[in-house]
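Those sequence lines, one after another, are chains W, A, H, L, E and R.
For the first sequence, the working numbering gives the first residue as 4, with consecutive numbering after it.
For the second sequence, the working numbering gives the first residue as 4, with consecutive numbering after it.
For the third sequence, the working numbering gives the first residue as 4, with consecutive numbering after it.
For the fourth sequence, the working numbering gives the first residue as 4, with consecutive numbering after it.
For the fifth sequence, the working numbering gives the first residue as 4, with consecutive numbering after it.
For the sixth sequence, the working numbering gives the first residue as 4, with consecutive numbering after it.
Any given hint might turn out to be false.
Heads up, the list lumps identical chains together, so a pair's fine if it works in one copy or across two of them.
[To be verified] Keeping only pairs whose Cα atoms sit at most 25 Å apart, straight-line, the calculated SDA-like set for lysine to any residue is: (1) Lys103 <-> Ala13; (2) Lys103 <-> Asp39; (3) Lys103 <-> Ala14; (4) Lys103 <-> Asp20; (5) Lys103 <-> Gly69; (6) Lys63 <-> Asn43; (7) Lys37 <-> Glu64; (8) Lys103 <-> Glu136; (9) Lys103 <-> Arg36; (10) Lys37 <-> Gly67; (11) Lys103 <-> Trp40.
For the record, the hints were derived by calculation from the structure and aren't laboratory data.
Single-letter residue listing:
Protein chains: 6
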Amino acid sequence: MSETAGGAAAAMIEYADASAEVRAVYDDIMATRKTDWINNFWKILAHDPPTLRRIWANIKEVMGPGALDPLTKELVYVAVSVTNGCRYCIASHGAAARAKGMTPAQYAELLAIVGLANETNRLAVAHDVPVDERFR
Amino acid sequence: MSETAGGAAAAMIEYADASAEVRAVYDDIMATRKTDWINNFWKILAHDPPTLRRIWANIKEVMGPGALDPLTKELVYVAVSVTNGCRYCIASHGAAARAKGMTPAQYAELLAIVGLANETNRLAVAHDVPVDERFR
Amino acid sequence: MSETAGGAAAAMIEYADASAEVRAVYDDIMATRKTDWINNFWKILAHDPPTLRRIWANIKEVMGPGALDPLTKELVYVAVSVTNGCRYCIASHGAAARAKGMTPAQYAELLAIVGLANETNRLAVAHDVPVDERFR
Amino acid sequence: MSETAGGAAAAMIEYADASAEVRAVYDDIMATRKTDWINNFWKILAHDPPTLRRIWANIKEVMGPGALDPLTKELVYVAVSVTNGCRYCIASHGAAARAKGMTPAQYAELLAIVGLANETNRLAVAHDVPVDERFR
Amino acid sequence: MSETAGGAAAAMIEYADASAEVRAVYDDIMATRKTDWINNFWKILAHDPPTLRRIWANIKEVMGPGALDPLTKELVYVAVSVTNGCRYCIASHGAAARAKGMTPAQYAELLAIVGLANETNRLAVAHDVPVDERFR
Amino acid sequence: MSETAGGAAAAMIEYADASAEVRAVYDDIMATRKTDWINNFWKILAHDPPTLRRIWANIKEVMGPGALDPLTKELVYVAVSVTNGCRYCIASHGAAARAKGMTPAQYAELLAIVGLANETNRLAVAHDVPVDERFR
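Just chain W, same shape as in the assembly (with noise of 0.2 Å):
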């Protein structure tokens, strides 16, 4: 198995090269999804066991069944993920909003609503606007 450190090039490892603990974490990811393989977030994650089975429990239990339905949460990751730039990240749960039902007219509406807010919520900084009394 590889190893990484400090933005030198990883190659992802696949399952027929993980190991036991490494193909317990995809087994859940694969079980958890109802799909048959795993995206090259995690197969680079996998060089550092431990964090990639830390981060998986997270997303398994913020992005599982909850209040919100499933197609809106991934609408809010997309939506952090353009702000900041994330390349990989708008790919990924962009192409997860997809399979959960999402539309090109609402990935449409999704990315104006980013790009509005990101507007003013520069011209409320630069403003320093006091929170309203009935905000609180």
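Given the coordinates of chain W, assemble chains A, H, L, E and R onto it according to the supplied hints.
Relative to the frame of chain W, chains A, H, L, E and R by itself:
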């Protein structure tokens, strides 16, 4: 009407003191939102009527009826505002989300997703994860 | 002279209480800016004289006479500060811009551009727009 | 006309393939900018005509003649884009600035200011510097 | 126990008022940190016990004994918090770093590095510097 | 010597093609770092000799011997660069950290802290957590 430039504290422009141009926007905000008051963001933007008019027109179009439901739109707005650290925007769009039915459980989940996305965004960027073919 | 570490509230170091090393920087700030007072940013950096000296030397060089006029330089400084949400920097460089002639109309336009750039930045990133040949 | 959602690679919509609605915007962009071509940003936004129309209307109003000269406006746009790390926007607005007369010396100064502002923004925030009375 | 949603001001949940589930986390925080009090971050997260439990479990694992010494870990935490402008996080992790031995001179150097990295990050992005072969 | 402005692709300035002014900086970089090559960041900044000289002087002072050990300084630099998404800076300072002894286990922990800090920063901001008296 007071003027503002470069961080100088700006007074809010109340309806009673507003020009006809500003009142027309205030009227449209209240009619569109079916409410009888104007929040501080607009009262400060009112020092610059073209921006007041333009930003309101954008908000009205982007946040109006469309492919995403009104609550989802507000959740996305909050997600961006939290990521950018805009205190005013978190409060105002959080209040708008509550008015549209957001429950405390939904808000808790929203923040959990926003936090986690900010975490995994950095891991994906740090590792420069290549986008999977299946996501394209 | 009080010490500071890790977010502990730091007292301002006034001229009367400053060491000769710090006074030399304060004197140069006042002479360069043709003013008779020192703003809080420097009075707090003064707890760390090497940083005080270094940052002032950078500001003096970068913001001094050059290819861009002094007002344009302050406008750019404000644009970055609004984007990053630095309240102190918006206020201080906004004041500097006003002192160099910025009108309320110019400030309004500046903020409009900053807001809009923050919006279109996200749209360009979200769509991963390839750079046009003509721009290279 | 191809569709796009969630990070899926989108084809550019060329003038020859565009709907009448999209062509009308393209025509206005070329007429306003006194040019005969359309850059990729618009060709991708064209998948969502309402956003294409809306964003162009904003750009036309905000970047048009006003209190700030056209070159200063582009410099501010580049400053925000560098701060946010938007590669496309740096390239496109950098090209626009060059077309409006920006010299290499001015660009070098612009980047120096943007870099330094990003540095001092963090120092001001880290020290939680209180805003001077004189700046209010 | 009070509820919170969307920016509404939340009361802190003190130990005396906490549920058994929340007390169990508070107890583990105090035992792990060998302290007898709970800071505000946890008292507010306590409105959402699953998030309280989850975030504490992550902090306990990531900030616990490992390959990096405890002080270095806090310095890194402060560096991120300053970059993001999180006032609370700068104060809390700054205090944690002081408790672990950070001197004022070390804190001054930390902030100098954070500021400078924020500057050179923008220069590298603005120039789209290609990664050297030797760094791969 | 080629010129650059506004995102136009810049050629690297190699030692053989450099002016005496630029060579003096290159010589100091190599002597200080006890190395025989110059990385791309400096070769591009060399188009603007005053910035090359100024930024190097800052790096030399801030990253030189001091209260924090050299490896810790690089870890902090990487933490900021990951948070800002600067691919070049992650690679170059990651390589510098490896050269100073960073192990893969330390790098994994560093990234885990950076990710988690980005998460909790947003939770603290979203809840507008008041700073504890004990942290002041």
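Go through the numbered hints given earlier and state which of them the structure violates, listing their numbers in rising order.
4
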